[in-house]
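Enquirer: The numbering used here numbers the first residue of the sequence shown as 1 and each following residue consecutively.
Because the hints were derived from the structure by calculation, they are not lab data. These numbers were taken from a predicted model, which means no experiment stands behind them. It cannot be assumed that every hint is accurate.
[What the hints assert, rightly or not] Here are the simulated distance ranges between beta carbons:
id, residue 1, residue 2, range
1, Pro67, Glu137, 41 to 49 Å
2, His69, Trp47, 47 to 55 Å
3, Ser118, Arg159, 32 to 40 Å
4, Ala170, Pro67, 45 to 53 Å
5, Asp83, Leu14, 41 to 49 Å
6, Ala79, Leu234, 18 to 26 Å
7, Val138, Ala103, 42 to 50 Å
8, Ile268, Asp46, 23 to 31 Å
9, Ala103, Pro141, 46 to 54 Å
10, Asn56, Arg27, 15 to 23 Å
11, Arg273, Ala180, 31 to 39 Å
12, Glu124, Asp197, 35 to 43 Å
[As the list claims (entries may be wrong)] Derived pair list, reagent style PhoX-like, types lysine-lysine, alpha-carbon separation capped at 25 Å:
id, residue 1, residue 2
13, Lys233, Lys261
14, Lys261, Lys121
15, Lys121, Lys233
16, Lys187, Lys261
Cβ coordinates follow ideal geometry from the N, Cα and C atoms, glycine included.
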Amino acid sequence: MSALLQPNLTQTQLTQPLAVVDAFTSRAYSGNPAGVCLLDEPAPPDWMQRVACELNHAETAFVWPLPSHQYRLRWFTPAVEVDLCGHATLAAAHWLWQSGALAGDAAAHFETLSGPLSAVKRGEWIELDFPAEVATEVQSPVDMAALLGAQPLWIGANRLDYLVELPSAAQVRSLTPDLAHFGPLGKRGVIVTAAGDEGYDIVSRGFFPNLGIPEDPVTGSAHCALAPYWAAKLRKSELSAYQASARGGELRLRLEGGRVKLLGQAVITLEGRIAGPPRV
């Protein structure tokens, strides 16, 4: 290897395996990209936050093995650690299987800030088992119509986000919200949705400027609210969903009691190593 390509690392630094995985898509450079860093042991949170800022994806997942064949999983945006992230969980499971760290026929079990999560292969799809995050109707602390530039049919909230239904998928697709004024909402962000078009049951978009993510390309955790909302409204326990960001992403949803099965595909676009964390 040329000296110009050798990493400039001191003797006190490690390197860690890193991948970039496009989640909730079967095509490279679409869906939602996530960094995935596979560690041998826990790393300092400030280092994980710096790595997430360096990669500048909506989320970067950090995974390391635990006893009893499980993994610890933490998610960081470029600005903060978050409690729940679907696309980076799917990305982490996909890379564990593709890298050989986990047998292809084994389930991936994760301990997270939102409790135990799991992922299993379903043919070419990956099924995540997540908690349902039911939204209940609320009064918005701001003028949501002015914030979004569209008149809501319904406004709800759960512990993470606001959920807003608009009259049509076309309005969801063309939305240009006033992101500079999301701060007073006091939530992670706003999920905007409508009954689907183009063969999908539902369409959505997700805006999270309070996390440093103006618009998330595809938000798995948002569908933990979308699934119970639309399952009740459409009287269907299985739904097809499209998140209509510029990159776009496709999900299959299944509501099972207090859990949501999120199904998606994934594509690895980059593999390498990243410097750190420093040895103590």
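Enquirer: Can you name, in rising order, the numbers of the hints this structure does not satisfy?
Expert: 2, 3, 5, 6, 12 and 15
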